[in-house]
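Q: Take the sequences, apply the hints, and build the full model.
Line order of the protein sequences matches chains A and B. If you're matching positions, the first sequence starts at 1 in our numbering and goes up one per residue. If you're matching positions, the second sequence starts at 1 in our numbering and goes up one per residue.
In short, the hints are calculated from the structure, not lab data. In this text, all values refer to a predicted model and were calculated from it rather than measured experimentally. You can trust all of the hints, since none of them are fake.
Below, simulated BS3-like cross-link-like pairs (lysine-lysine); rule was C-alpha separation at most 25 Å, straight line:
1) A/Lys75 - A/Lys9
2) A/Lys21 - B/Lys133
3) A/Lys102 - A/Lys64
4) A/Lys64 - A/Lys13
5) A/Lys102 - B/Lys133
6) A/Lys118 - B/Lys78
7) A/Lys21 - A/Lys9
8) B/Lys133 - A/Lys42
9) A/Lys118 - A/Lys9
10) B/Lys133 - A/Lys59
11) A/Lys75 - A/Lys13
12) A/Lys118 - B/Lys30
13) A/Lys21 - A/Lys75
14) B/Lys133 - A/Lys63
15) A/Lys9 - A/Lys142
16) A/Lys18 - A/Lys59
17) B/Lys145 - B/Lys89
18) A/Lys18 - B/Lys133
19) A/Lys93 - A/Lys64
20) A/Lys118 - A/Lys18
21) A/Lys64 - A/Lys130
22) A/Lys102 - A/Lys21
23) B/Lys133 - A/Lys118
24) A/Lys118 - A/Lys102
25) B/Lys145 - A/Lys102
26) B/Lys145 - A/Lys42
27) A/Lys64 - B/Lys133
28) A/Lys130 - A/Lys9
29) A/Lys75 - A/Lys142
What the simulated footprint calls covered on chain A by chain B, stretch by stretch (three residues with Cβ under 8 Å from a Cβ of chain B suffice, anywhere in the stretch; the number is not a length):
30) 104–114
31) 125–136
Only part of the chain B face toward chain A is listed, based on derived beta-carbon distances under 8 Å:
32) Arg43
33) Ala64
34) Asp121
35) Ser128
36) Phe135
37) Gly137
38) Asp138
39) Gln144
Don't be surprised by glycine CBs; every beta carbon is placed ideally from N, CA and C.
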Amino acid sequence: MTTLTDKDKAIVKALWGKISKSADAIGADALGRMLTVYPQTKTYFSHWPDLSPGSGPVKAHGKKVMSGVALAVSKIDDITSGLLELSELHAFKLRVDPANFKILSHCILVVIANLYPKDFNPESHASLDKFLASLSLALSDKYR
Amino acid sequence: MQDSWNTSKVSKMVEWTDFERATIQDIFSKMNYEVVGPAALSRCLVVYPWTQRYFGNFGNLYNAEAIIANPMVANHGKVVLHGLDRAVKNMDNIKETYAELSVLHSEKLHVDPDNFRLLADCLTIVISAQLGKAFTGDVQAAFQKFLAVVVTSLGRQYH
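A: Here's what the structure looks like:
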């Protein structure tokens with residue numbers, strides 16, 4: 001399990017403070033990019049009428065994903081317990097292969113770099129990458 | 001009966017669309033090597049600190065500030081980025097183009113090829129920051145496809 005230092009947590013909370021107002025847009029963009037750059041991820045959304053970036057389902061789902069990120073930020077001192085319900089959802093109902101959490105995390109980072117190039121310096125990048133890795137681990141905690 | 005399994009040489013050429021070719025040429029023609037090279041390498045060393053193992057003689061890599069200010073890191077970042085030029089010029093032959101460099105990274109430099117992927121991810125993020133709106137999902141897909149081919153080619157001669 002990745003240990004977030006106090007410095008990591010401070011950096012993540014500060015960065016989230018700056019970007020959270022754009023959370024919905026970030027989520028939509030990240031998800032759209034994921035479906036474009038990694039077409040194999042589309043297999044999880046065969047039930048959507050429209051998988052194109054910017055479509056209704058993509059925007060709505062991007063918003064949902066980012067609310068999960070927001071939850072993790074608020075529970076940053078114990079992400080595993082904080083995300084228990086979401087972990088059970090992903091384990092027993094959604095069964096998303098955990099490799100895809102890395103893929104979506106990368107796309108989220110690409111979007112944040114795109115929208116906040118000055119704030120997303122290497123140190124912030126490192127802490128946020130660790131945070132998203134912790135989040136991903138917490139989400140797959142109940143898988144087996 | 002003809003043997004339908006031609007196992008001698010199944011050449012799988014990477015196929016590039018016109019959009020992908022144009023995108024790669026465009027990105028690199030406008031590339032600010034002086035900024036992007038150092039930014040990508042220093043970011044890699046900060047975000048994935050274990051990659052510092054290859055730069056023991058680069059002096060002060062003690063913290064993010066030191067890494068970002070380190071002139072040897074900056075210089076090497078430019079070298080690495082310019083190393084991509086040959087792939088840009090030989091998109092239909094990247095595998096052969098990097099055969100020698102692959103041997104070098106394996107037998108002389110002993111770089112774990114997984115690190116190529118880490119550097120590629122950092123480069124993607126730096127380019128994303130540089131290009132802003134122009135870095136659409138389709139452009140990202142083309143860029144990452146290009147880097148993936150480079151990364152695979154660089155790892156190909158390892159044994």
